[in-house]
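So the protein sequences, as listed, match chains A and B. Number 81 in our numbering belongs to position 81 of the first sequence; there are no gaps in the numbering. Number 650 in our numbering belongs to position 120 of the second sequence; there are no gaps in the numbering.
Bear in mind the hints are in silico, worked out from the structure with no lab data behind them. None of the values given here were measured: they were computed from a predicted structure. Watch out, some of these pointers could steer you wrong.
In the BS3-like style, the derived pairs of lysine-lysine whose C-alpha atoms are separated by at most 30 Å in a straight line are [stated by the list, open to error]:
1) A:419 to A:408
2) A:127 to A:224
3) A:408 to A:422
4) B:537 to B:549
5) B:936 to B:782
6) A:24 to B:936
7) B:794 to A:16
8) A:117 to A:145
9) A:408 to A:445
10) B:537 to A:43
11) A:223 to A:117
12) A:16 to A:153
13) A:153 to A:117
14) B:936 to A:16
15) B:936 to A:43
16) A:480 to A:419
17) A:43 to B:782
18) A:16 to A:127
Computed list of chain B residues with no C-beta within reach of chain A, every gap over 12 Å [what the hints assert, rightly or not]:
19) 539
20) 549
21) 842
22) 938
Label pairs and their computed distance ranges (CB to CB) [as the list claims (entries may be wrong)]:
23) A:188 to B:613: 52 to 58 Å
24) B:703 to A:132: 43 to 49 Å
25) A:111 to B:728: 39 to 45 Å
26) A:160 to B:850: 20 to 26 Å
From the three backbone atoms N, C-alpha and C, an ideal C-beta is built for every residue, glycine too.
Next come the chains, spelled out residue by residue.
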Amino acid sequence: MAEYVDEASLLSASRKVRDSGYTKTDAFTPFPVHGIDEGLGIKPTILPFIVLCAGLTGLTTALLMQWWMNGVDYKYIISGKPFGITPASIPVAFELTILFSAFTSFLGMFALNQLPKFSNPVFTNPKFDRATNDRFFLYVNSADKYYNRESVKDLLAATHPESLDEVMEDTTPAALPRPILLGAMLLVFAGLIPGAIILNMRAGFSNLPRLHVFFDMDFQPKKKTQQQTTVFADGRTMRPQVAGTIARGQLEEQDPFYLGFDPAKISATTGRSDLMLVSTAVQPPEGEPAPAEPAPTEPAPTEPAPAEPVKSEGTPENQPPADQPPVEQPPAEGEMPATEPTAPTEVVPTEVAPTEAVPAETAPSQVPATPLEPAKAVEPAPAAVPAPAQAAAPASGTPALNLPWVEKLPIEATEAHMKLGKLKYETYCSACHGYAGFGDGLVHKRAESLLQPTWIPPTSLHADRVRTQPVGQIFHTITKGQGKMASYATSITPKERWAIVLYVKALQRSRNASIEDVPVEDRSKLEEAK
Amino acid sequence: MNLNYDKASIELPEAWRAKTPIFAFVGVVCILFGAACFFMAPTADGTNSKAFRYLAHSYLTNFIYVLSFTLGALFFILVQFLTRAGWSSSIRRLAEIMMMMIPYIALLFLPVLFMLFQGSSSLYEWNAEGITNSIIAEKAKFYLTKEFFTIRTIGYFALWIVTATWFFRISRAQDESGDVELSSVRQKWAGPLIMLFALSMTFAAFDWVMSIDADWYSTIFGVYLFAASMMAFFAMMIVISMSLQNAGKVQKWITVEHFHDMGKFLFGFVMFWSYIAFSQLILLWYGNIPEETYWYDVRLRDGWQYLSYGLIAFHFAIPFLGLLSRHVRRHRVGLLFWSIWILVAHWLDMTFLIMPNAGPASFFPLAGHLLGGLGMLCIFAALFIVRATGVPLVAMRDPRLPEAMKYANPLL
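Based on the provided sequences and hints, a complete structural model is requested.
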């Protein structure tokens, strides 16, 4: 190894070495020296070619991966775009190309330089420390096929180096000693054992509990819901609800204001809450005017008190088919008759009914919702009642739910509530059901114009079966959805929903009124308007 | 360093000077004949009612094509001074000559302005009288009016011409005096001027090219044209340098290392153009907003799809693979081949940007458009020769010139 003071002498020396035919040479410089590559005759590296191959591998891998994963194995639907390779595959393809290329160029550089090398014989010479400082070294390896100790020495001496030394290579064998090799092999095989055990376990079954290596916080001194405990006398971990309290979230589960029906009445009647809560088509038997007959005989009408589940218990046979929940008395809602519940027209308060004329005479036209005098009610009741009963099981669409609907609007029928209901109706409902409730909203018109074969038209709110629905049922429909209609519970608060129900009833009333509904003093105005 | 040089080696070849009128004449004839082709070819309805529309778009395409070389040159000069680069000092004068062609090429925009003031909306639809499209109407109220448009155009050209002239004058002054301070001045001002260049180029791209389709927009459009211009510039530089060397000039000033570097830049900007073009595509296409995707949709139907898909192959994939190897970049014929390829691909790219706005490809007279392009190239050649006459082709007293001569690419 020859030592030089500046790069010019190194370069000229390296050229001489190259021209003499030595190939296993190397130079060590503190900074990159221009021209040293040609000076030593170093051939261009093949690394770029390796990187190119790696890049193409990355490209192919990425494209194949995306094609297979998103186009074949699990056809991932993205806005109806074609399956397989699309322009969207390009970013990933680009990234993987670059990734593979970068990793390969980095690792390839190390590999081609035979790195990491634990040591180099040149380090044995203390003069070599200056290679990173201010000296330049040139080195001819004895492994070179032309190597001859004397001629190399002469050649290098002729270049007038600062110093010329021999580098003694470490001749200790580089192979691992046998004991270490054996020990390493033993460790490797020992390391395979846990993996083998696991694979074996995966292939079979075991009754034993799992090995729990890290307990973490898996066994805690606390009780879970259904566990027993000695802390309380009854041995239960869970405490029953304290009387007179409402648990968090319980209100929304139990209060009819939030549900549209009274869940307490369900359990109090047949106990078949499953039948009532599940939307099974519980139709009345064929031709049976059953709802009509028992209906007038219900003791409910005679009680002026607000209808309670207690009454209905007396007529359990009525419960399943008919939509006949007991009615709560309307407290003098003379001004807004439209808010009255519909179906149980026989459940008529003995007190004064609103001053409409008896629509019972027009029973065939299915006048809804006007509480009638008991006497008059009995007669049209059979006629009027079956219709709602059958209306409860609609001819088409989802089978009716058989629940104890709320009959009386729980909010006051004020102007403010009506305005609120109108606002919310027009916001949320009119898109499908139309501004007047005929089911001709813009969504329906659009679907019609697109000639959609699977389109179910939005229900007209003036259909018979809807008109006869109790307020609670309409509320329930908004809350839970019905058929194609989704639930609007997240968009509309319960109070707003009741306001919408109020407005819907007003809409229904508006399309199903007769001249008798108009106050006498205003009738003349109508005549003029004609 | 010993800089013996032969003065003749840095002068424009005599033979070239003689060719100037030929180039100019051929150029003008090509353009006129190409224009006539438009009126001879039938359009969709059998008449040539859309001929003028196609012609206007074609003219703008060829204008932008030729302008892009000069704008790329301007940016190149600014960057070389910003980075105080030494390797490029021997080829820089050629780029300076190219950027000094901007004033002449600006004159080529006059027909477009004339057409605007005649009230034609064949090219720019916002110049029409009763615009029904509300978005365009809104823009046409103030920004897209022919007056403001012209003012902006003058502004862009003014900025570029002033910058180019100033840099060129200082460069020529340095030829006489060799004053190192003159380099410092340019280095100092290169930064702010680059920012102004970026802004002006972006808005010029918006005005001249993007506003053809006035209710579409892409914020990356300026970058797109910039990337294309740089790529085209390097291709043109390689062609001009090699032509000069083949004519016996600047033999020792532009070495294989310089060609290697220009090839590297060419490759890099092919890559960059592809990246930008794809970015624009993926965001607009997968963003799936109808008023933005239709621009691509137009270019994927009526015959334009061949051009669009062709660009992917001919403007990206093939040149990318071709220019990847350093051996190609150091090989004279190989590099020349790819440079010419890129020049053609760039012309196709400008066509892709502008022509589909005119109408379907099937009724578009390619011959006329091609003649227009060739004509513009001939005019460009003539202008280059005119501009290069009497100007040393190398900045002889640039303080960084020795660095350029010593410059060698590492073996790797």
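Take a look at whether the Cβ-Cβ distance between residue 160 of chain A and residue 850 of chain B falls inside 20 to 26 Å. For residue 850 of chain B against residue 160 of chain A, whose Cβ atoms are near 50 Å apart, the range 20 to 26 Å is violated.
Against the 30 Å threshold, does the CA-CA distance of residue 223 of chain A and residue 117 of chain A hold or violate the hint? violated (61 Å)
Beyond 12 Å from each Cβ of chain A, as asserted for residue 938 of chain B: violated (6 Å)
Are all C-beta atoms of chain A more than 12 Å from that of residue 539 of chain B? Label holds. Min Cβ-Cβ 26 Å, cutoff 12 Å.
Tell me if the straight-line CA distance from residue 480 of chain A to residue 419 of chain A falls inside 30 Å. This hinted pair holds, its Cα atoms lying about 23 Å apart.
Holds or violated: residue 936 of chain B to residue 782 of chain B, with C-alpha atoms at most 30 Å apart: holds (11 Å)
Straight-line Cα separation of residue 419 of chain A and residue 408 of chain A no greater than 30 Å? holds (19 Å)
CB of residue 111 of chain A to CB of residue 728 of chain B, is that within 39 to 45 Å? With Cβ atoms ~43 Å apart, the hint holds.
Within a Cα-Cα threshold of 30 Å, do residue 117 of chain A and residue 145 of chain A meet the stated pairing? Status holds; Cα separation ~23 Å.
Holds or violated: are the alpha carbons of residue 43 of chain A and residue 782 of chain B at most 30 Å from each other? Status holds; Cα separation ~26 Å.
Residue 188 of chain A and residue 613 of chain B, beta-carbon distance inside 52 to 58 Å? holds (54 Å)
Is the gap between the beta carbons of residue 703 of chain B and residue 132 of chain A within 43 to 49 Å? holds (46 Å)
Consistency with the previously given hints fails for numbers 2, 7, 9, 10, 11, 21, 22 and 26, ordered from lowest to highest.
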